[in-house]
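J.: Respectively, the protein sequence lines represent chains A and B.
FYI, this note's numbering numbers position 282 of the first sequence as 282, with every residue one higher than the one before it.
FYI, this note's numbering numbers position 147 of the second sequence as 462, with every residue one higher than the one before it.
It is possible that some hints are incorrect.
If you only want the chain A side, here are some residues facing chain B, beta carbon under 10 Å, derived [claimed, not checked]:
{"id": "1", "residue": "Leu-105"}
{"id": "2", "residue": "Thr-218"}
{"id": "3", "residue": "Thr-269"}
Derived from the structure by calculation, the hints contain no laboratory data.
Positions of the beta carbon are idealized from the N, C-alpha and C atoms, including for glycine.
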Amino acid sequence: MLAALLLAPRFIDPYWVVFLLLLFMYVGIGSSFNITAGYLGYVNLGHYAFFGISAYGFAILYAKGAPFALCMATGVISTVIFAALISYPFLRLKGGYFALANFGLIKLFELVAGSLREFTGGTQGISLTPGYRPLQTYYMFLAVALFTIVVCYMIPKSRFGLALFSIREDEEVAEAFGINVNRYKMGAYILSSIFPALLGAGYAWYAAYIDPEIVFGTDKALLPVTMAMLGGTGTFLGPIFGAVFMLIIEEFLWTSTWLPLWIKSLHLTMLGLILAAVGIFSPGGLVTLTPIAAVFRKAGMGRFLGAAHKTLKAD
Amino acid sequence: MAELQIFIQLVLAGVLQGGTYALAAFGLSLIFCIADVLNITHGEFLMLGGLVTYIVYAATGWNPFLILLMVIPLFVLVGFAYERAFIKPILNRPPRQLLFSSIVVTVGIATAIEDTTSFIWGPTVKGVSFAMPAFIVGGVVVSSLRLMILLSIIALTVFLHYYLRKSFMGKAIRAILQNREGAMVIGINVPRVVTFVFGIAISLAAVAGVFYVLQFTIGPFIGLPLTIRYIAIVMLGGSGSLVGSLVGGLILGVAETFAGFFLGSHWSLAVAFFTLVLVLLLKPEGLFRHV
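Sequences and hints are given; from them, build the entire structure.
T.: Right, dumping it as structure tokens:
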């Protein structure tokens, strides 16, 4: 599988290289969203903000001619610092308040990025020296996605992961058992910000142009979150499955010619309704549905549906 | 002297804006306390209330306060329907799942409402310019439209206060707030009260929308930023408290008006955020409790 992905750009059409590259991006964002939403139980609807902050950090420096590595480091480090600062007050919020405050951050950043003209170029955005670099980006995003997946796979097996799970099940009980709840919550929040930060900086480099709408837009921000929840947060496999499923649907449904135009213009409405339907009918996500779970089990991937799935059923 | 007049003018504008916030924020905090659901769709109903007013006003030219009287029952029904369709199916889940599902469902519906509204009515901002004579008291210009809005808000708040104290439904709501199991034991039909609370809360949001469209302009995407402000207000005032929502709304409204005057209006959302972060750091349980 890995070898196939490594060699793929040599054999497939450039169009599909870009398709896969975006897929890696969404897998990375969705899986890291899963660290807080699935493992910790704090739904961070503003997860995409990390992507945007890093993209801006990268682009502002890169446009001034700084070397690539420095820009990358600045983007990621500034995002992590921001996550550390905001995590303390925000993780005091319970559930829904936490989700919405974070979601508001995105709106706030969209406004700030649009109004600080000297730094961010306002709503016109920042243009970098253009360059067509799908191949480099492909390998970079593949690496980041793999990195994310490995980390997400390791967490449930570690002490850290166990602490997150117990906080998710019951915060007071976890505290009573001597878990430093605040430290673990902040740790998970900060850890989850690293991956979208890497991808955000990479995306700015790849696209060579960013504006507030691209990196902080509501629809862009909701897409990876929708994918992860559709696939199923709390399971290791869910966000990956969700991203693949959703991108394939997007690819074949929204680009098809037989669909009437008015449905296509209601793209965001459909996204919202899918999200609502997931919430009403399948709160555990698609991978917990019996037929889909059965397919994964048959393919020998049953253990990836994981412990998280079991606890979801238990409560 | 001029500074003082500007100051008074700003405070007045802030109080008005805060009162409009408080109406909708109280609905949000009621829903949160009674049903354990964070209704992220709340700001969208404010937008829809404003939109209905705009459409009816543009078609008929009626007095907006007359339209207000139609908006209230209309959105009580909308609230019932909304609760039946989207909230009832998830209401019986265990707490953690309920929270998760309610976020997913309400964010989804909010996005769908925003997108559909902007598709049908276009993304341009709309306002109702209903002119009423202004008068001057001690060098301060007071528009009678704003005075009318302020009086309506006060009347509604007083009504709500007595409604929660005296009526059967109000007593049932307070009973559930104090002790849910106890309320069930003495025979209060909790699901019905939940449906009812959604009706009241969403109609309050729509009423705030009518006042909003009279003072400012509405567009399809104002909903979510507004809901964030309500969250800040509810956190500030303490959930389930009418007085808390009022005080929180007034503080935020005045702070935003001052920030808008001195820094520029696009910073008003940032003010809501700083308020929220400050409250969370200093007094995470809010200023008030109880109904």
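J.: Which of the listed hints are not met by the structure?
T.: No numbers; nothing is violated.
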